Amino acid sequence: MEKPAASTEPHGPRQVLGRESVQVPDDQDFRSFRSECEAEVGWNLTYSKAGVSVWVQAVEMDRTLHKIKCRMECRDVPAETLYDVLHDIEYRKKWDSNVIETFDIARLTVNADVGYYSWRCPKPLKNRDVITLRSWLPMGADYIIMNYSVKHPKYPPRKDLVRAVSIQTGYLIQSTGPKSCVITYLAQVDPKGSLPKWVVNKSSQFLAPKAMKKMYKACVKYPEWKQKHQPHFKPWLHPEQSPLPSLALSELSVQHADSLENIDESAVTESREERVGGAGGEGSDDDTSLT
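Numbering-wise (the numbering used here), the sequence shown opens with residue 1 and increments by one.
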């Protein structure tokens, strides 16, 4: 097995908000992401119940741009299982009821690729999509997966979706025992629109906790599912299995938010079916598809 390693190519320090060139994250980037996942100063706790906590942080330079951080205790899910679930794109199509379409585009290194993801937003907001450079790194018994938005010449913004921007999004998985772990999800995303306050509140109070719980249920069912679906195919662990074409970094450019169209959805009111917990958001808790 070829062990993924962080890029060691020399390049200057870069701030997340001021990224100018496309680079595969290095060890310093992974350490910085981990530190932010573990940080407490400046975060406002908005939800804490049944082993799931959510914090939000308004970015001072832009009051419409928020960071959100979710943490969940997984008492009977090993860290490596959760890591597999987050990587397994075919399984995501089964458990992630938000997903409209998702696929990997190309491989950059043994631990970095480029992919597409589109998702349903709470009605009646427009749905979003994103192209990201994703990288991952095992760190002993812990794991990090993180991404940021890039532009790919073959996948321009679509007219039926709003192209959002991931400034930095990812997961820190920390092992707490042979069959337990803690996952922290950290997201700083520009949704490319002035969203109404109810959306931000709903994300932190309802959608984020529900998404974490749905992920947990998916992890519990994953080993059984994987046994029936290419059980030995795990290119995130075995890079030689990857069917993706290689892509040079020079083919990509950084997706800056100011180059995309802004839409004003600040006056959009929540639909009745959303208020009563209907279709949109994270969907139902029905797990019958996870077979």
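Because the hints were derived from the structure by calculation, they are not lab data.
Honestly, I wouldn't trust all of these hints.
[Stated by the list, open to error] Below 25 angstroms or equal to it, Euclidean Cα-Cα: the simulated DSS-like pairs (lysine-lysine) are:
id : residue 1 : residue 2
1  : 179       : 154
2  : 126       : 226
3  : 226       : 179
4  : 226       : 67
5  : 154       : 93
6  : 49        : 67
7  : 210       : 123
8  : 228       : 213
9  : 234       : 179
10 : 159       : 179
11 : 49        : 154
12 : 49        : 217
13 : 217       : 228
14 : 226       : 123
15 : 179       : 214
16 : 123       : 179
17 : 226       : 214
18 : 159       : 49
19 : 67        : 179
20 : 234       : 221
21 : 126       : 154
22 : 94        : 126
23 : 221       : 49
24 : 213       : 234
25 : 154       : 67
26 : 93        : 123
27 : 49        : 210
28 : 151       : 221
29 : 210       : 93
30 : 126       : 67
31 : 123       : 159
32 : 67        : 210
33 : 94        : 214
34 : 226       : 213
35 : 179       : 151
36 : 226       : 210
37 : 210       : 126
[Stated by the list, open to error] Listed next, with one range per pair, are the computed distances between beta-carbon atoms:
id : residue 1 : residue 2 : range
38 : 156       : 75        : 39 to 49 angstroms
39 : 142       : 104       : 20 to 30 angstroms
40 : 258       : 178       : 46 to 56 angstroms
All values derive from a computational prediction rather than experimental measurement.
For glycine and all other residues, C-beta sits at the position ideal for the given N, C-alpha and C.
Each hint, compared with the structure:
Only pairs whose Cα atoms come within 25 angstroms are accepted, and residue 179 paired with residue 154 is rejected, the gap being roughly 42 angstroms. Note on residue 126 and residue 226: the hinted pairing is violated, with a Cα-Cα distance of about 33 angstroms set against a maximum of 25 angstroms. A threshold of 25 angstroms between alpha carbons decides the hint, and for residue 226 with residue 179 the separation of about 18 angstroms falls inside it, so the pair holds. Restraint check: the Cα-Cα separation between residue 226 and residue 67 comes to about 33 angstroms, which exceeds 25 angstroms; the hinted pair is violated.
Restraint check: the Cα-Cα separation between residue 154 and residue 93 comes to about 23 angstroms, which is no more than 25 angstroms; the hinted pair holds. Simply put, residue 49 and residue 67 have alpha-carbon atoms about 20 angstroms apart, close enough for the 25 angstroms limit, and the pair holds. Using a Cα cut-off of 25 angstroms, the hinted pair residue 210 and residue 123 holds, with the two alpha carbons roughly 17 angstroms apart. Distance check on the hinted pair: residue 228 and residue 213 sit about 24 angstroms apart at the alpha-carbon level, within 25 angstroms; holds.
Simply put, residue 234 and residue 179 have alpha-carbon atoms about 20 angstroms apart, close enough for the 25 angstroms limit, and the pair holds. Restraint check for residue 159 and residue 179: the C-alpha separation of about 45 angstroms exceeds 25 angstroms, so the hint is violated. In summary, the hint linking residue 49 to residue 154 is not supported, as the alpha carbons are separated by about 43 angstroms, beyond the 25 angstroms threshold. The suggested pairing of residue 49 with residue 217 holds, with an alpha-carbon distance near 17 angstroms, which does not exceed 25 angstroms.
Distance check on the hinted pair: residue 217 and residue 228 sit about 18 angstroms apart at the alpha-carbon level, within 25 angstroms; holds. Only pairs whose Cα atoms come within 25 angstroms are accepted, and residue 226 paired with residue 123 is rejected, the gap being roughly 33 angstroms. The suggested pairing of residue 179 with residue 214 holds, with an alpha-carbon distance near 18 angstroms, which does not exceed 25 angstroms. Of the supplied pair hints, the one linking residue 123 and residue 179 is violated, its CA atoms being roughly 38 angstroms apart against a limit of 25 angstroms.
Distance restraint check for residue 226 and residue 214: the Cα-Cα separation of roughly 17 angstroms lies within the 25 angstroms cut-off, and the hinted pair is therefore satisfied. Pair hint residue 159 plus residue 49 does not hold up; C-alpha atoms about 39 angstroms apart against a cutoff of 25 angstroms. Proximity of residue 67 to residue 179 is assessed by CA-CA distance (about 30 angstroms); at most 25 angstroms being required, the pair is judged violated. With a CA separation close to 17 angstroms, the supplied pair residue 234 and residue 221 stays within the 25 angstroms bound.
With a CA separation close to 23 angstroms, the supplied pair residue 126 and residue 154 stays within the 25 angstroms bound. At roughly 23 angstroms between alpha-carbon atoms, residue 94 and residue 126 fall within 25 angstroms of each other, so this suggested pair holds. This hinted pair checks out: residue 221 and residue 49 have alpha carbons roughly 23 angstroms apart, not beyond 25 angstroms. About 24 angstroms separates the Cα atoms of residue 213 and residue 234, which keeps this hinted pair within 25 angstroms; it holds.
Distance restraint check for residue 154 and residue 67: the Cα-Cα separation of roughly 29 angstroms exceeds the 25 angstroms cut-off, and the hinted pair is therefore not satisfied. Restraint check for residue 93 and residue 123: satisfied, since their Cα atoms lie roughly 21 angstroms apart, inside the 25 angstroms limit. For the given pair, residue 49 sits about 11 angstroms from residue 210 by alpha-carbon distance, which is consistent with the 25 angstroms threshold. For the hint linking residue 151 to residue 221, the alpha-carbon distance of about 35 angstroms lies beyond 25 angstroms, and the restraint is violated.
Simply put, residue 210 and residue 93 have alpha-carbon atoms about 17 angstroms apart, close enough for the 25 angstroms limit, and the pair holds. A threshold of 25 angstroms between alpha carbons decides the hint, and for residue 126 with residue 67 the separation of about 20 angstroms falls inside it, so the pair holds. Simply put, residue 123 and residue 159 have alpha-carbon atoms about 18 angstroms apart, close enough for the 25 angstroms limit, and the pair holds. Distance restraint check for residue 67 and residue 210: the Cα-Cα separation of roughly 18 angstroms lies within the 25 angstroms cut-off, and the hinted pair is therefore satisfied.
This hinted pair checks out: residue 94 and residue 214 have alpha carbons roughly 11 angstroms apart, not beyond 25 angstroms. Restraint check: the Cα-Cα separation between residue 226 and residue 213 comes to about 20 angstroms, which is no more than 25 angstroms; the hinted pair holds. Annotation: proposed proximity of residue 179 to residue 151 is violated, straight-line Cα distance about 39 angstroms (limit 25 angstroms). For the given pair, residue 226 sits about 23 angstroms from residue 210 by alpha-carbon distance, which is consistent with the 25 angstroms threshold.
Taken as a hint, the residue 210 and residue 126 pair is honoured in the structure, with Cα atoms around 21 angstroms apart against an allowance of 25 angstroms. Taking the beta carbon of each, residue 156 and residue 75 are about 44 angstroms apart, inside 39 to 49 angstroms as hinted. One distance hint, 20 to 30 angstroms for the beta-carbon pair residue 142 and residue 104, holds here, with the actual separation near 24 angstroms. For the pair residue 258 and residue 178, the supplied restraint of 46 to 56 angstroms holds, since their beta-carbon distance comes to about 47 angstroms.
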